[in-house]
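Student: Below are the chains, spelled out letter by letter.
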Amino acid sequence: MKKTYKIDVDCAACADKMEVCIRETPGVKDAALSFMTLKVKVEFEDDADPAAVMEEARRRCKNIEDEMEIFL
Amino acid sequence: MKNLTKKQKSALQRIIGAAVLTAALAVLFRFWAVPQFARAVFYLAPYLLVGWDVLRKAIHGITHGQVFDECFLMSIATVGAMLLGEHLEAVAVMLFYQIGELFQSIAVGRSRRSITDLMDIRPDYAYLQAEDGTLERVDPDDVEVGTLIVVRPGEKIPIDGVVEEGSAALNTAALTGESAPRFAEPGDAVISGCVSVDGLLKIRTTREFGESTVSKILDLVENSSMKKARAENFISRFARWYTPIVCFGALALAVIPPLVLLLMGRPAMPLEWIRRALTFLVISCPCAVVVSVPLSFFGGIGCASSRGILVKGSNYLEALADTRYIAFDKTGTLTRGTFTVSEVLPAQGYTEDQVLEYAAAAESVSPHPIAQSIRAAWGKEVRTDAAESVQEIPGHGAVCTLDGKRILAGNARLLQLEGLPAPAAPARPGTVVYVAADGNYVGAILISDTLKPTSAEAMTDLALQGVHTILLTGDTQAAADEAARMLQIGSVRAGLLPEDKVAEVERLLAAKGRREYLAFVGDGINDAPVLSRADVGIAMGSLGSDAAIEAADIVLMDDDPAKISLAMRIAKKTLRIVRENIGFAIGVKVLFLLLGALGISNMWMAIFADVGVMVIAVINAMRALRI
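Residue numbers (the working numbering), protein chains in the order written: chain A, 1 to 72; chain B, 73 to 699.
Hints are computed from structural coordinates only; laboratory data are not their basis.
Just so we're clear, the structure is a prediction, and the values are computed from it rather than from any experiment.
The beta carbon of each residue, even a glycine, is placed where N, CA and C say it ideally should be.
Do not rely on the hints blindly, as some may be mistaken.
[As the list claims (entries may be wrong)] Capping the alpha-carbon separation at 27 Å, the derived lysine-lysine pairs in DSS-like fashion look like this:
1) A:K62 - B:K81
2) A:K2 - A:K41
3) B:K584 - B:K299
4) A:K39 - B:K78
5) A:K6 - A:K39
6) B:K79 - A:K41
7) B:K299 - A:K41
8) A:K62 - B:K78
9) B:K299 - A:K2
10) A:K39 - B:K299
11) A:K6 - B:K78
12) B:K477 - B:K524
13) B:K81 - A:K39
14) B:K584 - A:K6
15) A:K62 - A:K3
16) A:K62 - B:K299
17) A:K6 - B:K524
18) A:K3 - A:K41
19) A:K39 - A:K62
20) B:K299 - A:K29
21) B:K645 - B:K584
22) B:K274 - B:K81
23) A:K3 - B:K299
24) A:K39 - A:K3
25) A:K6 - A:K41
26) A:K39 - A:K2
27) B:K274 - A:K39
28) B:K645 - A:K39
29) A:K3 - A:K29
30) B:K79 - A:K62
31) A:K6 - B:K299
[To be verified] Counterexamples of contact, computed for chain A against chain B with all Cβ distances above 10 Å:
32) M1
33) K3
34) M36
35) F44
Please take these sequences and the hints and turn them into a complete structure.
Tutor: If you want it as structure tokens, here you go:
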């Protein structure tokens, strides 16, 4: 399953870190983030619950850079 | 200034405030001798004003195990400078760093906006007509398939559908980049995103909003920056390694040279080496390079879409820049895919008009494209003695009576059937319709698929860009050769079935060089397997054909082959900008790292170089928006 989320992040390098962070969240198969459109497209594992996974991804991203946001 | 976000405005206010304060202090301390310690306290005010958020983020980073965060590094560099007594430098570094960040944020915001403006095709509403004739404004998402919607002059068609009432000139510029209007009348299928210029249209929707052309196109362009190019992945990897390497470099610079000097029995000058190490940290942020690369690609993709060229990913733009071979389908790609009368050959004693009038009479009721093309070429009222006299003979042609004469129009077999000798066929490709009246041969009409007006120009342009062109067609050798000759296409493979085309493309893929790419251009419906097999699949979008938009990597919204060379020029320009930025930014950074290590450049120069590189790289990237 794939879902697209709006995000907010200040710099391009932080956006790259955020993409890696989301991709490494358990339950996420792949993630593609665009700093230019401020969107991230997340592909979930088949048995994952997107809402819970994204909550966790958001928490992880906040650890790196607390001024970023994923709009769930 | 009025376009700034709240965040940017407050950053700007802080920068101006801190700059004024710093300048005032710098002047003040010229005339007022105060001890170092007091100076530090005074300078702390502008320093904290402009840099408190950097310090806060740095602390957040440390407490969350993110050591190589650029905020942390900027904090170390400036706090270090403060401790070394270089207060003014510390404030200046923070000030310029923030100016750089603000500039970057404004530039990125502006380019985001200008691309959204280019793609300003999202309809915000649809009008439904209520029983009593009043219009109700609704969200296009809520309109069900089969609903009658009303589009007033000057408004966008929000949802794909068929015109039921009214007629109008449609402006398709937002979709195709072409300003020539198309006309829509009852019965015509219209696609969302077009603007009705002058008429009121009532449209029966045939799709949901989410499935409509306009939504699909927006989706496609917005997702395109997620398919990253090799250059983007390279720069991400670079950024991941650059900061740690520079930091360890700084640490080494602060520790090793003093130790070595100490062992050699010379003065160690630890403060000088720490100062140099701090200069390193100022240049440690990779953001300038990292932002300029996706910005360039985004600009290139935006520029292309404003010309009716939809690129599905940065990676395809990158591949297109290095495309050396382009294989073309013929029908519908280089030709119009519709039949027109290309030549009328009257027999001795007859005129062209007579041939056409007779043929049009015989073909007056047939819905066949060939019959339509004859009637279109005649262009006047079609007369027959009686509608019942028209008779179609399947596989042969048609007969009728006109002015008392028995008219035949059809192929050579029809003439033979009627006992007439078959005349010699014209030695040109196309379909021939023979015409006879009362047993006398009147003439022949040659009907062919005409080349698009821009096909020849497109091929010349591609040849000038060093591209080898190849024609792959299911058509006959004669028709293919003729087209190749007129368009000056290098090589031709005719009589191919769709699977032969795949095999041919695979052969070409195997033969090309490693850094060369092959593109295939087709009309998207029968060519889907080839489009996906080629490095870059380019489809003629024929205004709304789903299959084409689905299968291809690049879609030409107005089916114009000349857009291929334009797309290549945009791609090449974008890639040139990307390479310039990568080379320039990394070059300057390495240079200033060296100068910093040698003690030639100080913090002032380092921060100027760093912010300067970013400003230049971003301005350069914005050039990709224009061709």
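Student: Output the indices of the hints that this structure fails to meet, ascending.
Tutor: 12, 14, 17, 22, 27, 34
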